[in-house]
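Protein sequences appear in the order of chains A and B.
The first sequence begins at 1 in the numbering used here and counts up by one.
The second sequence begins at 1 in the numbering used here and counts up by one.
In short, the hints are calculated from the structure, not lab data.
Where hints are given, some of them may not hold.
[Claimed, not checked] Straight-line distance between alpha carbons at most 25 Å, and here's what the computed SDA-like set of lysine to any residue pairs gives: (1) B:Lys44 / A:Gln290; (2) A:Lys28 / B:Asp124; (3) B:Lys5 / A:Val36; (4) A:Lys89 / A:Leu305; (5) A:Lys28 / B:Glu100; (6) A:Lys28 / B:Arg76; (7) A:Lys28 / B:Arg7; (8) A:Lys411 / A:Gly347; (9) A:Lys28 / B:Ser75; (10) B:Lys5 / A:Trp216; (11) B:Lys44 / A:Asn214; (12) A:Lys28 / B:Asp58; (13) A:Lys28 / B:Pro13; (14) A:Lys373 / B:Ile34; (15) A:Lys373 / B:Ser37; (16) B:Lys5 / A:Phe33; (17) A:Lys373 / B:Asp32; (18) B:Lys44 / A:Arg281; (19) B:Lys5 / A:Asn214; (20) A:Lys28 / B:Pro125; (21) B:Lys128 / A:Trp216; (22) B:Lys44 / A:Val392.
[Said to hold, decoys possible] To give an idea of the chain B side of the interface with chain A (calculated C-beta under 10 Å), a few residues: (23) Gly24; (24) Arg28; (25) Leu31; (26) Ser39; (27) Ser66; (28) Pro90; (29) Leu92; (30) Gln94; (31) Val97.
If you're wondering where the values come from, they're calculated on a predicted model, not measured in any experiment.
Yeah, the Cβ is synthetic: ideal placement off N, Cα and C, and Gly gets one too.
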Amino acid sequence: MNLNDIERAMRAGELGRVAQLAIEHQIKVAEFFGAVDFVPVTQAHIMADTESLGESGVQWLESLAAQDNGSARVRVPTITDPRGTDFAKAAVLKHAGWILDLERRTIAAFTKLGVAMTDTCINYQTIQAPVRGESVAFGDTGVVIYSNSVCGARSNFEGGPSALSAGLTGRTPRYGFHLDAQRRATIRVRTAWTPKSLNDWGALGAVVGRLAGNYWAVPVLEGLESVPTSDALKHFGAAMASFGSSAMFHLAGITPEAVRLEDCGGERLREAHRVGEAEVRALQGQYATQKEVDVVVFSAPQLSLYELKVLADLCEGRRFRKPLLAITSPQVKPDSDRMGYTQRIEGAGGHVMSGMCFYQSYAREIAEANGWKRLATNSTKMVNILGGYGYVPLLASVERCVEAAETGMLK
Amino acid sequence: MNEFKARHAIGAPVKGQALVATDGFSARYDLDRIGGSFSRPAHKLAGQSYNGKVLVLDTAKGGVASAWMLREMASRGVIPLALVFNSVNPILAQGAVFGEVTLLAGFDGDITAQIPNGAIVEIDPARKILRIL
Chain A
1 MNLNDIERAM
11 RAGELGRVAQ
21 LAIEHQIKVA
31 EFFGAVDFVP
41 VTQAHIMADT
51 ESLGESGVQW
61 LESLAAQDNG
71 SARVRVPTIT
81 DPRGTDFAKA
91 AVLKHAGWIL
101 DLERRTIAAF
111 TKLGVAMTDT
121 CINYQTIQAP
131 VRGESVAFGD
141 TGVVIYSNSV
151 CGARSNFEGG
161 PSALSAGLTG
171 RTPRYGFHLD
181 AQRRATIRVR
191 TAWTPKSLND
201 WGALGAVVGR
211 LAGNYWAVPV
221 LEGLESVPTS
231 DALKHFGAAM
241 ASFGSSAMFH
251 LAGITPEAVR
261 LEDCGGERLR
271 EAHRVGEAEV
281 RALQGQYATQ
291 KEVDVVVFSA
301 PQLSLYELKV
311 LADLCEGRRF
321 RKPLLAITSP
331 QVKPDSDRMG
341 YTQRIEGAGG
351 HVMSGMCFYQ
361 SYAREIAEAN
371 GWKRLATNST
381 KMVNILGGYG
391 YVPLLASVER
401 CVEAAETGML
411 K
Chain B
1 MNEFKARHAI
11 GAPVKGQALV
21 ATDGFSARYD
31 LDRIGGSFSR
41 PAHKLAGQSY
51 NGKVLVLDTA
61 KGGVASAWML
71 REMASRGVIP
81 LALVFNSVNP
91 ILAQGAVFGE
101 VTLLAGFDGD
111 ITAQIPNGAI
121 VEIDPARKIL
131 RIL
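Extracted from the complex, chain A is given alone in its bound form (with noise of 0.2 Å):
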């Protein structure tokens, strides 16, 4: 691998321990994959929630705040993707104390080590979308393939670790996503049907993902009939990821790598694959398959203020009989307090969090204090993730979900 002065002198151990421990690493990591170089990032996100960290990696990162005195910083902007729990909201999840002791010490660590502790994972909404062309070293599935696909940043995903030695070193392995041949659109999909609602366009990211397959597949998708909000992308490529551990997507005429088909190289590929709504709804029957909830989750990515107030208008008139809690942003969260959002959610016997996100606040032990077990969402992200951790996910509208809130069934 070709190094550069500063490189060499990162992994010499000249400019610290720790930065020679994140070069170290990243070498390995470059090695594996056959990168040539390194690409300076402007920006890192980490994502380390506590239940994967556990108290070995929790051990770990106090140890690598204490090397070189304690003097050991970040050499870009880095920030983090959600907590393990809303310490004020803690009581309500029934988080346990030592969950909330893991999370002290690791908010405690990455402060040392200069890492702003933002908690989001719709950092592209609130904290600075990245630019076309713009190397960055970011650390959530969803955070990637938006910047990815929709802002023109280039990213693959880098784990906490990774990400965090980004961070330390300001560059990361040139390697996937870095580079222009990988960024080429290897699956072509045409669909006759553009969603409306943000689940059904998280349902028909999560149909594409499962066509891409694998990280390396990147799929361009023809035939929407209008330009998707933020929101909707969000879910769409959220849900991509996560079904199909996508890190891209191109739309035609739409995304900025596929102004034009043959921008992203779509026109050589064959038509290979039609979905549409029979596709949608087939994918989110899987997830409809009992009417009783325990709980109502909206979370899986994030809320961003005009999901809160959508939501916050279907709570009029309300009164929940089952837990309904709604997760954002710490950016979001003073907005929604301010326009009376979340006052008008609580009203109704919501909870309104912010700075975790569902599925990485130790959902199982959550699910075993609370007695919850279906759990309805419109994430048709987060229904992937939690058959995993024991519960019964139920995917559904914003509309439908709420109800079942105020009623206890999915109608």
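Based on these hints, arrange chain B on the given structure of chain A.
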């Protein structure tokens, strides 16, 4: 044929019993990491223990959590002996580096169709070789 060449490899040499399925893998989506078994009902290995096995699967799925989780699983000693996939995403490679787990990926042909479930296999990452014993 009892020897298979991978395009990507990392980790220490290992020998163990293969657990094979044509399905994906995500530590968060698919596993009961405390109990050491596949927990997602729709997974083809649902209910089966992965502890100490050479997992032979199609591809990496899901999110980024596996990058942390492999090391956490290793710290408790409840972890596959090695991971062998037709293709991997960066997360599993990063997680294998961080957790010091043996990983092989990228073969000519479908590796899940070529390794019998339950076979004893040997992996030499330095030579990027998997061998059925």
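Structure-based check of each hint:
Straight-line distance between C-alpha atoms of lysine 44 of chain B and glutamine 290 of chain A comes to about 23 Å, which keeps the hinted pair within the 25 Å bound. The hinted pair formed by lysine 28 of chain A and aspartate 124 of chain B meets the criterion: a straight-line CA distance of about 17 Å does not exceed 25 Å. Under the criterion of a C-alpha separation no larger than 25 Å, the hint pairing lysine 5 of chain B with valine 36 of chain A is consistent with the structure, at around 22 Å. For the suggested pair lysine 89 of chain A and leucine 305 of chain A, the alpha carbons sit about 19 Å apart, so the restraint of at most 25 Å is met.
Annotation: proposed proximity of lysine 28 of chain A to glutamate 100 of chain B holds, straight-line Cα distance about 11 Å (limit 25 Å). The straight-line distance between the Cα atoms of lysine 28 of chain A and arginine 76 of chain B is roughly 24 Å, inside the 25 Å bound, and the hint therefore holds. For a cut-off of 25 Å, the pair hint linking lysine 28 of chain A to arginine 7 of chain B stands: about 15 Å separates their Cα positions. Only pairs whose Cα atoms come within 25 Å are accepted, and lysine 411 of chain A paired with glycine 347 of chain A is accepted, the gap being roughly 23 Å.
As the CA atoms of lysine 28 of chain A and serine 75 of chain B are separated by approximately 21 Å, the hinted pair is consistent with the 25 Å bound. In summary, the hint linking lysine 5 of chain B to tryptophan 216 of chain A is supported, as the alpha carbons are separated by about 20 Å, within the 25 Å threshold. About 18 Å separates the Cα atoms of lysine 44 of chain B and asparagine 214 of chain A, which keeps this hinted pair within 25 Å; it holds. At roughly 23 Å between alpha-carbon atoms, lysine 28 of chain A and aspartate 58 of chain B fall within 25 Å of each other, so this suggested pair holds.
Distance hint between lysine 28 of chain A and proline 13 of chain B is fulfilled; the C-alpha atoms sit about 17 Å from each other, no more than 25 Å. For the hint linking lysine 373 of chain A to isoleucine 34 of chain B, the alpha-carbon distance of about 19 Å falls within 25 Å, and the restraint holds. A C-alpha spacing of about 20 Å is found between lysine 373 of chain A and serine 37 of chain B, which places the hinted pair at or below 25 Å, so the restraint holds. At most 25 Å may separate the alpha-carbon atoms for a hinted pair to count; lysine 5 of chain B and phenylalanine 33 of chain A meet this at roughly 16 Å.
For a cut-off of 25 Å, the pair hint linking lysine 373 of chain A to aspartate 32 of chain B stands: about 16 Å separates their Cα positions. Taking the CA atoms of lysine 44 of chain B and arginine 281 of chain A, the gap is about 24 Å. The hint holds against a cut of 25 Å. Proximity of lysine 5 of chain B to asparagine 214 of chain A is assessed by CA-CA distance (about 21 Å); at most 25 Å being required, the pair is judged to hold. Restraint check: the Cα-Cα separation between lysine 28 of chain A and proline 125 of chain B comes to about 13 Å, which is no more than 25 Å; the hinted pair holds.
Restraint check for lysine 128 of chain B and tryptophan 216 of chain A: satisfied, since their Cα atoms lie roughly 21 Å apart, inside the 25 Å limit. Taken as a hint, the lysine 44 of chain B and valine 392 of chain A pair is honoured in the structure, with Cα atoms around 18 Å apart against an allowance of 25 Å. The restraint placing glycine 24 of chain B at the interface with chain A holds, with a minimum CB-CB distance near 7 Å, inside the 10 Å limit. Taking 10 Å as the C-beta cut-off, the interface hint given for arginine 28 of chain B holds, the closest approach to chain A being about 7 Å.
For the restraint placing leucine 31 of chain B at the interface with chain A, the shortest Cβ-Cβ distance is roughly 7 Å, inside the 10 Å limit, so the hint holds. Proximity of serine 39 of chain B to chain A holds as hinted, the smallest CB-CB distance being about 5 Å (cut-off 10 Å). Taking 10 Å as the C-beta contact cut-off toward chain A, the hint placing serine 66 of chain B at the interface holds, the least distance being around 7 Å. Taking 10 Å as the C-beta contact cut-off toward chain A, the hint placing proline 90 of chain B at the interface holds, the least distance being around 5 Å.
Checking leucine 92 of chain B against chain A by beta carbon gives a least distance of about 9 Å; that is within 10 Å, so the hint holds. Proximity of glutamine 94 of chain B to chain A holds as hinted, the smallest CB-CB distance being about 4 Å (cut-off 10 Å). The interface hint given for valine 97 of chain B holds, since its Cβ lies 5 Å from the closest Cβ of chain A, which is under the 10 Å cut-off.
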